[in-house]
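Chemist: Sequence:
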Amino acid sequence: MIRNTYIVLCLCCFFKAFSQQDSIYHRHKIWKSTIEQFEAEDKITPPQSGAILFVGSSSFTNWKNLDTYFPNKKIINRGFGGSELKDVIFYFDRIVTPYKPKQIVLYEGDNDIVFGQTAEEYFDDVKTFVRLVQLHLPGTPILLLSIKKSPARSHYTIEFDRANALMYQYAQTQKTVQFVDVTSVLFDTKGEMRKDCFLSDNLHINEKGYQLWADLIRGFLLE
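So the numbering used here is basically just the index in the sequence shown, starting at one, shifted up by 2.
Please keep in mind that the hints were generated in silico from the structure rather than gathered at the bench.
Possibly wrong hints are sitting among the right ones.
Below, a list of computed lysine to aspartate or glutamate pairs in the EDC-like style, where the Cα atoms sit at most 20 Å apart [said to hold, decoys possible]:
| hint | residue 1 | residue 2 |
| --- | --- | --- |
| 1 | K104 | D126 |
| 2 | K210 | E225 |
| 3 | K34 | D44 |
| 4 | K88 | D69 |
| 5 | K197 | D217 |
| 6 | K66 | D95 |
| 7 | K192 | D163 |
| 8 | K210 | D69 |
| 9 | K66 | E209 |
| 10 | K88 | E38 |
| 11 | K66 | E43 |
| 12 | K76 | E122 |
| 13 | K177 | E225 |
| 14 | K151 | D69 |
| 15 | K75 | D44 |
| 16 | K76 | E225 |
| 17 | K31 | E41 |
Given the structure is predicted, the values throughout are model-derived calculations rather than measurements.
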């Protein structure tokens, strides 16, 4: 327990130091303008604390009207397309903690694995993210959304399944973490992927896909 706490503290110091010196992080140029845009928007319209924070990659970036799917809830969308979980971790103190969310919904993983991580390496980042939440926002519930399968990335299915299994098992051991399988709703009764739920790129989901996601996720969101 003491060792785990020490590791988390070291990680926090590490990411805090790096966030103050963006140039040290090799991917900072990709997201510099995006993160600054988030901060500029927050200055113009400061978000209320206690909202539900959706943070992750393009599956959230493309969900432009996300809040309309959950009309009775305060929603903040901080998706940035092409991101990996290590990017969310690096910018944690700029796109997570400032909002003091009452719940966090995380979607990452497919970019991480497609661009070289193993399921285990991605899972290590998941645990780091959860530990940061537990340290800086203690007690805040986290929804880990499964890595979605898609026709365009069908050759990564085995690795996605391995990562999802690791997240599912991990969630069973954490009081504040729940795993939500958002891939299952994208398959028909024959076990075939529903291509009518995807855009023409066969990678990103369309409005029909988002409606299926919303219907599933809604039951896990706090009031």
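Chemist: Could you run down the list of hints and mark each one as holding or not?
Modeler: Now for the hints, and whether the structure bears them out:
{"no.": "1", "hint": "K104 <-> D126", "in the structure": "24 Å, violated"}
{"no.": "2", "hint": "K210 <-> E225", "in the structure": "24 Å, violated"}
{"no.": "3", "hint": "K34 <-> D44", "in the structure": "16 Å, holds"}
{"no.": "4", "hint": "K88 <-> D69", "in the structure": "25 Å, violated"}
{"no.": "5", "hint": "K197 <-> D217", "in the structure": "19 Å, holds"}
{"no.": "6", "hint": "K66 <-> D95", "in the structure": "23 Å, violated"}
{"no.": "7", "hint": "K192 <-> D163", "in the structure": "19 Å, holds"}
{"no.": "8", "hint": "K210 <-> D69", "in the structure": "16 Å, holds"}
{"no.": "9", "hint": "K66 <-> E209", "in the structure": "10 Å, holds"}
{"no.": "10", "hint": "K88 <-> E38", "in the structure": "18 Å, holds"}
{"no.": "11", "hint": "K66 <-> E43", "in the structure": "15 Å, holds"}
{"no.": "12", "hint": "K76 <-> E122", "in the structure": "34 Å, violated"}
{"no.": "13", "hint": "K177 <-> E225", "in the structure": "18 Å, holds"}
{"no.": "14", "hint": "K151 <-> D69", "in the structure": "24 Å, violated"}
{"no.": "15", "hint": "K75 <-> D44", "in the structure": "18 Å, holds"}
{"no.": "16", "hint": "K76 <-> E225", "in the structure": "10 Å, holds"}
{"no.": "17", "hint": "K31 <-> E41", "in the structure": "16 Å, holds"}
When held up to the earlier numbered hints, the structure conflicts with 1, 2, 4, 6, 12 and 14 and fits the remainder.
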